[in-house]
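Novice: So the chains spell out like this:
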Amino acid sequence: MITGALRETGRLFALAAEVGRAVFRRPFQFREFTEQFWFVASVTILPAALVSIPFGAVIALQVGSLTQQLGAQSFTGGASVLAVVQQASPLIVALLIAGAGGSAICADLGSRTIREELDAMEVMGVSPVQRLVVPRVLAAMGVAVLLNGLVSVVGILGGYFFNVVMQGGTPGAYLSSFSALAQLPDLYVSELKALVFGFIAGIVAAYRGLNPRGGPKGVGDAVNQSVVITFLLLFFVNMVMTAVYLQIVPPKGG
Amino acid sequence: MGIEVVVEGLTKSFGRQNIWRDVSLTLPAGEVSVMLGPSGTGKTVFLKSLIGLLKPEKGRVLINGVDMVNSPERDIYETRKLFGLMFQDGALFGSLSLFDNIAFPLREHTRKKESEIRRIVMERIEVVGLLGAEGKLPGEISGGMRKRAGLARALVLDPQIILCDEPDSGLDPVRTAYLSQLLIDLNAQIDATMLIVTHNLDIAATVPDNMGMLFRRELVTFGPREVLLTSDEPVVSQFLGGRREGPIGMSEEKDAATLAAEANTATPAAARVIVPQLEPSPGLPPRRAVARRRERVMSMIDTLPPAARSAIRETYARDAGAVTVTAPVAGSGA
Numbered sequence: 001m002i003t004g005a006l007r008e009t010g011r012l013f014a015l016a017a018e019v020g021r022a023v024f025r026r027p028f029q030f031r032e033f034t035e036q037f038w039f040v041a042s043v044t045i046l047p048a049a050l051v052s053i054p055f056g057a058v059i060a061l062q063v064g065s066l067t068q069q070l071g072a073q074s075f076t077g078g079a080s081v082l083a084v085v086q087q088a089s090p091l092i093v094a095l096l097i098a099g100a101g102g103s104a105i106c107a108d109l110g111s112r113t114i115r116e117e118l119d120a121m122e123v124m125g126v127s128p129v130q131r132l133v134v135p136r137v138l139a140a141m142g143v144a145v146l147l148n149g150l151v152s153v154v155g156i157l158g159g160y161f162f163n164v165v166m167q168g169g170t171p172g173a174y175l176s177s178f179s180a181l182a183q184l185p186d187l188y189v190s191e192l193k194a195l196v197f198g199f200i201a202g203i204v205a206a207y208r209g210l211n212p213r214g215g216p217k218g219v220g221d222a223v224n225q226s227v228v229i230t231f232l233l234l235f236f237v238n239m240v241m242t243a244v245y246l247q248i249v250p251p252k253g254g
Numbered sequence: 001m002g003i004e005v006v007v008e009g010l011t012k013s014f015g016r017q018n019i020w021r022d023v024s025l026t027l028p029a030g031e032v033s034v035m036l037g038p039s040g041t042g043k044t045v046f047l048k049s050l051i052g053l054l055k056p057e058k059g060r061v062l063i064n065g066v067d068m069v070n071s072p073e074r075d076i077y078e079t080r081k082l083f084g085l086m087f088q089d090g091a092l093f094g095s096l097s098l099f100d101n102i103a104f105p106l107r108e109h110t111r112k113k114e115s116e117i118r119r120i121v122m123e124r125i126e127v128v129g130l131l132g133a134e135g136k137l138p139g140e141i142s143g144g145m146r147k148r149a150g151l152a153r154a155l156v157l158d159p160q161i162i163l164c165d166e167p168d169s170g171l172d173p174v175r176t177a178y179l180s181q182l183l184i185d186l187n188a189q190i191d192a193t194m195l196i197v198t199h200n201l202d203i204a205a206t207v208p209d210n211m212g213m214l215f216r217r218e219l220v221t222f223g224p225r226e227v228l229l230t231s232d233e234p235v236v237s238q239f240l241g242g243r244r245e246g247p248i249g250m251s252e253e254k255d256a257a258t259l260a261a262e263a264n265t266a267t268p269a270a271a272r273v274i275v276p277q278l279e280p281s282p283g284l285p286p287r288r289a290v291a292r293r294r295e296r297v298m299s300m301i302d303t304l305p306p307a308a309r310s311a312i313r314e315t316y317a318r319d320a321g322a323v324t325v326t327a328p329v330a331g332s333g334a
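Chains A and B, in that order, are what the protein sequence lines are. When we follow UniProt numbering, the leftmost residue of the first sequence carries the number 1, and every step to the right adds one. When we follow UniProt numbering, the leftmost residue of the second sequence carries the number 1, and every step to the right adds one.
So that you can see chain B by itself, here it is in the shape it has in the complex:
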């Protein structure tokens, strides 16, 4: 089972520029979470802070009792072995072939025989659909392939926590859909805690159990997916609708005058629909996180906003009905 990640009061600045402040959230063990946010809101910085590559000035990131911000370097290195991080453009070693890249963590951290390393690596290569390309250098393959190779390398040590930095950027919609399915299948197979940082709305709508959003140096919300998907917070609805009307501007954020002018001319937003979450591919075990999440969400349901509450009840009622109805109705109004 995956490991819970607890973030408490994290604040990060570069020089005088504050990136975000006082971010607190818990990634529940084994569940899939998504962090949304417009470009340039420090999503990647957040990811790198979780794993201890960047040091926030304030706050803690607790994993198995180790604080990734302040603990001794040795503990942090040990704890990092629990992680798999998929970098935005793969971050493969340019001088090694794909096979050697993916085998690198195994050769560093295990005493496995070369034949066994070969078996594991080829298995992962098959999972991400790169069979036949294992002898190529990272410079010789496309960006999408590099990304998938980066994912294979992140998976090779059977991590307990998987972090994905914009898994969709540079991929076409079809490949993005395959990747979404791959992530869900992975979660079903290894039950790892996952955090996906993205601004892709398809991934956000179909993959996660939990969602959060960063904007204006703050964590806007973090909680069960229904909370964000039904939220009437202007930032959230603008982002999820992909519209120009709202607080998010081209540069950073809009001033009050532009906002007021917009309010008169804006077309009303289309009603948002909660799309059902992806299921693991047929033949795979069910995701163990689903039952845990259900219990967790039901126990906190009275603290959630009413819209989210009814959406959650509806989802679970539908799931109960879906046993008999093979083709579930595609979402219901929020």
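This is chain A alone, in the form it adopts within the complex:
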């Protein structure tokens, strides 16, 4: 049981390393990359925007109500912005990349595996990792980074709207507390998280897709597992990255 879990983990890391090497191997599959990028972007943009508005609003309302009780209402803007940029945005992106993009990647690779298409490719001397997995992982990473920008902007606008219009906050206080507390490294770490989450989502989806167990039903199970495994990994990695970030980057207000 334990050795089984360790073996799976090891093979997942081996695939990640192989992908890392194959990224630099020519020829780069530009067409496949473009197609996958477009596909992942098209299935994630709209849901990401729709999720981020209420999410920004929830944070604004919650933080607003708390700061009102503490008498620190003028800091609402800064607090909600940091929560959106650093935490909510990369996680929303990750959930969508894993749920919408990763599941599709996993299902696609899984059905190709059971139809022996990938074996056929290997027999013809073409590496499926270089040909299929690398473009997909890179697409997931690229879309994650760009999507993270979109979600941050939409989330902040949503928060601003709810704070100013619904809770009667002042626009000036919102903006000034934003620039008082937020700094550029917050944005950097947010984008770095999105990049890493996109990588993890792509690798896990590809790994489960390349190793489905037992026929068409196995592909369904693999898709399901890939989403669950990705979520578990993402929240853990997010915790580690947040802890490290808070240690090494001094807060601006302090």
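In case anyone wonders, no lab produced these hints; they're calculated from the structure. Honestly, I wouldn't trust all of these hints.
[As the list claims (entries may be wrong)] FRET-style restraints, in silico, Cβ to Cβ:
| hint | chain 1 | residue 1 | chain 2 | residue 2 | range |
| --- | --- | --- | --- | --- | --- |
| 1 | B | Arg-16 | A | Arg-11 | 17 to 27 Å |
| 2 | B | Gly-241 | A | Met-1 | 40 to 50 Å |
| 3 | B | Asp-202 | A | Leu-6 | 42 to 52 Å |
| 4 | A | Leu-46 | B | Leu-201 | 53 to 63 Å |
| 5 | B | Arg-244 | A | Lys-217 | 33 to 43 Å |
| 6 | B | Ser-281 | A | Glu-32 | 34 to 44 Å |
[Said to hold, decoys possible] For lysine to any residue, the following SDA-like pairs were computed, each having C-alpha atoms within a straight-line distance of at most 25 Å:
| hint | chain 1 | residue 1 | chain 2 | residue 2 |
| --- | --- | --- | --- | --- |
| 7 | B | Lys-55 | A | Leu-210 |
| 8 | B | Lys-112 | A | Arg-31 |
| 9 | B | Lys-81 | A | Phe-28 |
| 10 | B | Lys-55 | A | Ala-16 |
| 11 | B | Lys-81 | A | Ala-180 |
| 12 | B | Lys-112 | A | Gln-29 |
| 13 | B | Lys-81 | A | Ile-114 |
| 14 | B | Lys-81 | A | Ser-127 |
| 15 | B | Lys-112 | A | Met-121 |
| 16 | B | Lys-81 | A | Phe-30 |
| 17 | B | Lys-113 | A | Arg-25 |
| 18 | B | Lys-136 | A | Glu-32 |
| 19 | B | Lys-55 | A | Met-1 |
| 20 | A | Lys-217 | A | Pro-128 |
| 21 | A | Lys-217 | B | Gly-40 |
| 22 | B | Lys-81 | A | Gln-87 |
| 23 | B | Lys-58 | A | Arg-7 |
| 24 | B | Lys-113 | A | Pro-27 |
Idealized CB from N, CA, C, for every residue including glycine.
Using the hints, position chain B against chain A.
Specialist: Same frame as chain A, now just chain B:
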């Protein structure tokens, strides 16, 4: 000329289940070999081990000095370009048309111009009789057509070694006969080493120069076709006769009690007849492997069992006579 494939002491298990052990054989360069065996004896696993898709725990598969089991991945990928593998159901890329499927290896491994790719691909499509279907997707054609398209794709890089995984499954007897002829014609044209994995008795009787059989996790025999065709090993004669009486059971193998009961009631097996091997279609060059095989077989003839020995002598004597007699006698008793 094709390349010799040397298999030494190959053993493969999945988890605790042993598939076959200590398989050693040599596929002579340019000759056609057939691997027989009841369903589920690991014939496909054997094929995939030859090409390095599956890794046996023990043994070696040597091709041009590269060990397909243990060599570095890079060498294995290079060596695979010498292979053409025809998968059981074609294994075509579902998102590409037949034309693009067959052109795939050319586009990956050569710098040929699109016009030349088109010429080569259409030539192969014609060879396997799929003209007019090249724009279709694999999902839109029948299983037999998918198989033939898979063969065309395997041939497009002029492979030195051609492996066919059950070329007959899902084909009617007439198409199977055409396919047998196609394989022999191919061998005459490109002189590639071929291994066909099958349980079709017609292919086994007419196509190969050499035959082997897998059963009970062992390679029963491998050698010139006459050795297997005249073998009095119970497994072999049961299989070739397609009878129920013998060691092969419905599930895997029979127990001793059933076997003993059978021995009393069994009807004697009909005498087996060695059918002459297929010749290339008229207009094609003779198979160069025939002369090489003759030399090889004659040099080892004293090590073969007596029945095989006389069958081989008879075959070659008949071939010598066939120059004058246009219609050769259909086989002689073994």
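Novice: Does each hint hold? Answer for all of them.
Specialist: Hint check:
1. Evaluation of the 17 to 27 Å hint for Arg-16 of chain B and Arg-11 of chain A yields a pass: the beta carbon distance comes to about 20 Å.
2. For Gly-241 of chain B and Met-1 of chain A, the hinted distance range of 40 to 50 Å is satisfied, since their beta carbons lie about 48 Å from each other.
3. Distance hint check for Asp-202 of chain B and Leu-6 of chain A: the Cβ-Cβ separation is about 50 Å, which falls inside the suggested range of 42 to 52 Å.
4. Between Leu-46 of chain A and Leu-201 of chain B the beta carbon distance is about 60 Å. The supplied range of 53 to 63 Å therefore holds.
5. Between Arg-244 of chain B and Lys-217 of chain A the C-beta distance comes to about 34 Å, which sits within the given range of 33 to 43 Å.
6. Between Ser-281 of chain B and Glu-32 of chain A, the C-beta spacing of about 41 Å keeps the proposed range 34 to 44 Å intact.
7. A threshold of 25 Å between alpha carbons decides the hint, and for Lys-55 of chain B with Leu-210 of chain A the separation of about 17 Å falls inside it, so the pair holds.
8. Our distance criterion of 25 Å between C-alpha atoms is met by Lys-112 of chain B and Arg-31 of chain A, whose separation comes to about 19 Å.
9. The suggested pairing of Lys-81 of chain B with Phe-28 of chain A holds, with an alpha-carbon distance near 20 Å, which does not exceed 25 Å.
10. A distance of roughly 21 Å separates the Cα atoms of Lys-55 of chain B and Ala-16 of chain A; the hinted pair therefore holds under the 25 Å criterion.
11. In summary, the hint linking Lys-81 of chain B to Ala-180 of chain A is not supported, as the alpha carbons are separated by about 63 Å, beyond the 25 Å threshold.
12. Taking the CA atoms of Lys-112 of chain B and Gln-29 of chain A, the gap is near 18 Å; set against the 25 Å cutoff, the hint holds.
13. The hinted pair formed by Lys-81 of chain B and Ile-114 of chain A meets the criterion: a straight-line CA distance of about 23 Å does not exceed 25 Å.
14. Proposed proximity of Lys-81 of chain B and Ser-127 of chain A is supported: the alpha carbons are some 12 Å apart, at most 25 Å.
15. Straight-line distance between C-alpha atoms of Lys-112 of chain B and Met-121 of chain A comes to about 20 Å, which keeps the hinted pair within the 25 Å bound.
16. Proposed proximity of Lys-81 of chain B and Phe-30 of chain A is supported: the alpha carbons are some 23 Å apart, at most 25 Å.
17. A threshold of 25 Å between alpha carbons decides the hint, and for Lys-113 of chain B with Arg-25 of chain A the separation of about 23 Å falls inside it, so the pair holds.
18. At most 25 Å may separate the alpha-carbon atoms for a hinted pair to count; Lys-136 of chain B and Glu-32 of chain A meet this at roughly 21 Å.
19. With a C-alpha separation of about 23 Å, the suggested pair Lys-55 of chain B and Met-1 of chain A falls inside the 25 Å cut-off, and the hint holds.
20. Taking the CA atoms of Lys-217 of chain A and Pro-128 of chain A, the gap is about 22 Å. The hint holds against a cut of 25 Å.
21. For a cut-off of 25 Å, the pair hint linking Lys-217 of chain A to Gly-40 of chain B stands: about 22 Å separates their Cα positions.
22. Proposed proximity of Lys-81 of chain B and Gln-87 of chain A is contradicted: the alpha carbons are some 49 Å apart, above 25 Å.
23. Proposed proximity of Lys-58 of chain B and Arg-7 of chain A is supported: the alpha carbons are some 21 Å apart, at most 25 Å.
24. With a C-alpha separation of about 17 Å, the suggested pair Lys-113 of chain B and Pro-27 of chain A falls inside the 25 Å cut-off, and the hint holds.
Violated hints, in rising order: 11, 22; the structure is consistent with all others.
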